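Go ahead and model the full structure; you've got the sequences and the hints to work with.
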Amino acid sequence: MKAENEGDRRGHKRSSHSATQKKGRGKQVMPSLQSSELTEQLTSGSYSCMVCCDRVRDRDAVWSCKECHHVFHLGCIGKWAAAPASLVSEKEPSEGWRCPACQNPSDVVPTVYKCYCGKLINPRPRARGELTVPHSCGELCGRSLARNPLSSCQHKCQLLCHPGPCPPCPVTVNRSCPCGRQKYQVRCSKGEELPSCGSECGRRLKCGRHHCTQSCHSGSCGDCTMMLTQHCHCGRSHREVVCGETGEEGEEERYGCSLVCGRELNCGNHLCELSCHPAPCPPCPLLPAHVTACPCGATPLSALLSPDQSRTSCLDPVPTCNRSCGRVLPCSTKAEPHFCPAGCHEGPCPRCEKSRLVRCRCGRGSTRVECQNLEGIGDFVCDKPCNKMKSCGRHRCNTRCCMDANHQCTLVCGKRLRCGIHNCMEQCHRGHCEQCWEYSYEELTCHCGAEILYPPLPCGTRPPTCKRVCARMHSCDHNVFHSCHNEEECPPCTVLTVKMCMGEHEVM
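Counted the way my numbering counts, the sequence shown spans residues 1 to 508.
The set of hints was computed from the structure by calculation and includes no laboratory data.
Please read these numbers as outputs of a predicted model, since none were measured by experiment.
Beta carbons: idealized from backbone N, C-alpha and C, even for Gly.
For each label pair, taking beta carbons as the anchor points, the in silico distance ranges come out as:
1) Ser237 to Gln214: 32 to 40 Å
2) Ser313 to Glu240: 41 to 49 Å
3) Glu434 to Val328: 54 to 62 Å
4) Ser366 to Tyr255: 37 to 45 Å
5) Val369 to Met226: 46 to 54 Å
6) Ser196 to Ile452: 55 to 63 Å
7) Cys459 to Ser391: 26 to 34 Å
8) Ser313 to Arg351: 30 to 38 Å
9) Cys459 to Pro105: 43 to 51 Å
10) Leu411 to Thr333: 39 to 47 Å
11) Gln214 to Glu240: 16 to 24 Å
12) Arg351 to Pro285: 20 to 28 Å
13) Lys388 to Cys433: 19 to 27 Å
Below, the structure is given as structure tokens:
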């Protein structure tokens, strides 16, 4: 009887572990197959708890994982959740514990014995001869058949309360192809996406001007790729652009070119001097309402003009004061500010006659340049070599006035590889070179030719080891005791012989 019980115990462990391995190794188990296996093993009493490896009996309080659907003793799963090995993070125990089968994290430790569908607390044990599944309430399952939160399935499982996952939704529903022209009757569990009907999509693109010309498809239609002629704001330039890059319909479809606007201002006497811009142009800056001071801004016009001499048109000259202009010149910097030395005047300021300190592009050199020549000087380059260590750690940068931040070495490494035959042809680098990638397609033998390695062989492969006695010619006639070797010289003979001493007085 004892042997029979032990055999039965081994048998029920093996059957339950087979279901565990199917799920634990990441293989996809059909929901109906897993549910039927769990039902059969729980009904026959051959299912075992993975924590204690003991049978799960009808009267035991159990807990079923919602992710992998393995069944455990309720007490065993409580002990497992309290063990350090089950924690999601040892540093943060509050993050929860992991299922011993699928490692799915949970926040709450189960303490209440419920049926599989969760409607009944402490379901009664099966009566003798009853055909219901152990730990089931015997009512309709009622769990949602949606496979993920984004699924549109709203149907419930119509099976009796059961272990394992619910089967795919069997309800037939009407679904449309992505473009909506064709309708199909399909199983609800088939998924949200249906095959293309092959017709042109025809949906309006984001540009608002064109329609999608792709075949019926799911997802976004993408940006419009039609080419359009786009005109600038002033109307003197145009360019070819992709429709999807010009904005949606109703948005500004023009661009600003680099030319001066040149449109007539509202005064009717002057032209707009701004760069190409959207209409309308700003008011004329010389209108009497906008000019209240002399050109340099130091003196109000009321102090320069009498009441009967006030300006009435933008064509009237703006009086100047007797002070210097003082406007900041374009060549001015924070370290060396330059101001216009001319008297108060209209129009642009004359060229600056001073010089300015200009730093080179690397920032280590400087020189003084006349402000009048700043526009044509470009980037000033000094003669100082960089001398910084390159990325390889072997060479230094000799570039003059260097602006490189990474200093990547572009030389070839050239070091001898471990094979001892070829050199490293990679870009000069730090650390060890990679292995030689050359291969030999000739047979490689030991010195006597008895042991053979067949190609292809990685470069640097050593000849095979041979355990036969060395077959080379030796300087003495004694028996050879060393094995075949690849060194050029044989080891010295170890046989003891009789010889005279150095002075030939005795025999040694």
